[in-house]
Amino acid sequence: MRITVDHDRCVGSGLCAMADPDSFTQSDEDGTVRILSQPQGEPGEPVRKAVDLCPSRALRLVE
Amino acid sequence: MKQTIPELPAFPERSDDPFAPAPPYPALDPDVPVSRLTMPTGEKIWLITSYELVRQVLADPRVSVDRMHPAYPVPLGFPKREIMQEAARRIPAFLGMDPPKHTAHRRLVIPDFTSKRVKEVRARVQEIVDDCLDDLEAAGSPADLVEYLAAPVPTLVVGDVLGIPPEDRSFIASRTKTLTVRDGDEAGKRTALQEMNEYLSELVARNEKEPGPGVIGRLVEKYRAAGMYDRRTMMGSVMVILHGGKDGPANTIALGTVALLQDPEQLARLKADPALFPGAVEELLRFFSSSAEGACYRVATADIELGDVTIREGEGLLAFVSAANRDPRAFENPDVIDIGRDARGHVGFGYGVHQCLGQHLTRLQLDVAFSTLFARFPDLRLAVPAEELKYKFDNSTYGIWEVPVAW
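Protein chains in written order, with the UniProt record's numbering: chain E, 1 to 63; chain G, 1 to 407.
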């Protein structure tokens, strides 16, 4: 599975970066999400939590 | 079979239990996620209370926060629609805008409130908390924790972040005190609010001439660079940040302190391992959900299916986040404070594109305030019986008026 981002929806809450700092960070320019790495194999708990926490549902895990 | 949609009696209902679900409102049936509610204006709106549907509706792009929409619910505290609309018209703020306009405004301030950026102000927040606790100590036991810690810390922190100069801080602090004292003098409070807003307007004008350090100065420059500068929307952004940033954290500091003082076992665990404070903060944010009425008002701009119910285009709704935070399907034993639970995912900061901008700053302040308070005053105790505390049952933001403590 891989992480996808609907960048227009991102409001820079940073909850993804807090839940999974290995996969997500926030841009210094506008605070929106930047993906640092994609899941290797089956997505673990941190990245699943990060996707669930996203308040605007900008993040998805897709096949 | 479709459930009958229950009609709730007029809003709000009082509860005598300060720790009751969604205080000060009584328990709402977790098996009834959607009901109808009559507002004080007589208007009927949808009340959404389950965790799943609160998140679903707030994340739905078909809901609007436009106060000018004829069906946007009139919140508590506004006796009439016209008054609410006049306030929104005078000071347009991004919390009343929908995407894409909302996005353009919010993106300009997001970088100042990211968790990365907020970490940089930890030392300054610690200084503020230390100074406030110096004042508490100097006042002598017993003293009011709200006056010396809960109320001033968030105001001073957000003022600092905005760029309010040090010499003006006591002015802001004193007007905040007037606004938070229980026995007002309505006229006195109106004056204090007016003076605060006049001061902010004058501070914005100063930053227009020469952008200073802090969010106000940076925002002036960014709005100008984007060709978007407008004094009123500038004021709107500043006021959302200041007013949004001072009440919620203040109330959570007060409520959280009282809760911990009444729970010696969990307090002892926290004192023994301060690394537990951030998790405890998250749990207190879930349990008390103390922000604007624990409620997110919206109006549907298209038909929305929500569980068994269809909310029609043009109907108003209230996504009741404080009830959602007590949904047993989301949080086991939700009416119990458990500092060890993973409370992330609570909706105390709301949900959707309007989720609280300042949430990381609030987390930081609460962490520093609680950990410093209990380390510095290990014998802290309530100076009055807990039953005598005056909770803000009749206020739009839930909290406690005074918390007399002794040490």
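Hints listed in this document are in silico derivations from the structure and should not be mistaken for laboratory results. Each hint should be verified, as a subset may be incorrect.
What the hints assert, rightly or not - Using 30 Å as the maximum straight-line C-alpha spacing, the simulated BS3-like pairs for lysine-lysine come out as follows:
no.: 1; chain 1: G; residue 1: Lys-392; chain 2: E; residue 2: Lys-49
no.: 2; chain 1: E; residue 1: Lys-49; chain 2: G; residue 2: Lys-119
no.: 3; chain 1: G; residue 1: Lys-189; chain 2: G; residue 2: Lys-392
no.: 4; chain 1: G; residue 1: Lys-271; chain 2: G; residue 2: Lys-189
no.: 5; chain 1: G; residue 1: Lys-80; chain 2: G; residue 2: Lys-177
no.: 6; chain 1: G; residue 1: Lys-44; chain 2: G; residue 2: Lys-177
no.: 7; chain 1: G; residue 1: Lys-116; chain 2: E; residue 2: Lys-49
no.: 8; chain 1: G; residue 1: Lys-80; chain 2: G; residue 2: Lys-271
no.: 9; chain 1: G; residue 1: Lys-116; chain 2: G; residue 2: Lys-222
Claimed, not checked - Quick look at which bits of chain G chain E covers, simulated, 3 or more residues with Cβ under 8 Å:
no.: 10; stretch: 113 to 127
no.: 11; stretch: 319 to 327
no.: 12; stretch: 374 to 380
Beta carbons: idealized from backbone N, C-alpha and C, even for Gly.
Is G/Lys-392 close enough to E/Lys-49, meaning Cα to Cα at most 30 Å? Between G/Lys-392 and E/Lys-49 the Cα gap is close to 34 Å, so the pair fails against 30 Å, i.e. violated.
30 Å Cα cutoff - pair G/Lys-116, E/Lys-49: holds (19 Å)
Can you confirm whether the C-alpha distance between G/Lys-80 and G/Lys-271 stays at or below 30 Å? violated (48 Å)
Pairwise hint evaluation, G/Lys-177 against G/Lys-44, where the allowed Cα distance is 30 Å at most: Outside the cut-off at roughly 36 Å; violated.
Decide if the proposed pair is consistent with the structure: G/Lys-116 and G/Lys-222, CA atoms, cutoff 30 Å inclusive. holds (20 Å)
Per the coverage rule (Cβ-Cβ under 8 Å, at least three residues), is the stretch 113 to 127 of chain G covered by chain E? holds (count 4)
Holds or violated: G/Lys-189 to G/Lys-392, with C-alpha atoms at most 30 Å apart: With a Cα-Cα distance of about 16 Å, the restraint between G/Lys-189 and G/Lys-392 holds, given a limit of 30 Å.
Are there three or more residues in the stretch 374 to 380 of chain G whose C-beta lies within less than 8 Å of some C-beta in chain E? As far as the stretch 374 to 380 of chain G goes, the hint is violated, because 0 residues have Cβ atoms under 8 Å from chain E.
Does G/Lys-177 lie within 30 Å of G/Lys-80 when you go C-alpha to C-alpha? holds (27 Å)
Compare the distance between the alpha carbons of G/Lys-271 and G/Lys-189 with 30 Å, and conclude whether the hinted pair is satisfied. At roughly 38 Å apart (the allowed maximum being 30 Å), G/Lys-189 and G/Lys-271 break the hint.
Does G/Lys-119 sit within 30 Å of E/Lys-49, going by the straight-line distance between their CA atoms? With Cα atoms ~22 Å apart, E/Lys-49 and G/Lys-119 stay inside 30 Å; holds.
Outcome, coverage hint (the stretch 319 to 327 of chain G, chain E; C-beta under 8 Å; three residues): violated (count 0)
Consistency with the previously given hints fails for numbers 1, 4, 6, 8, 11 and 12, ordered from lowest to highest.
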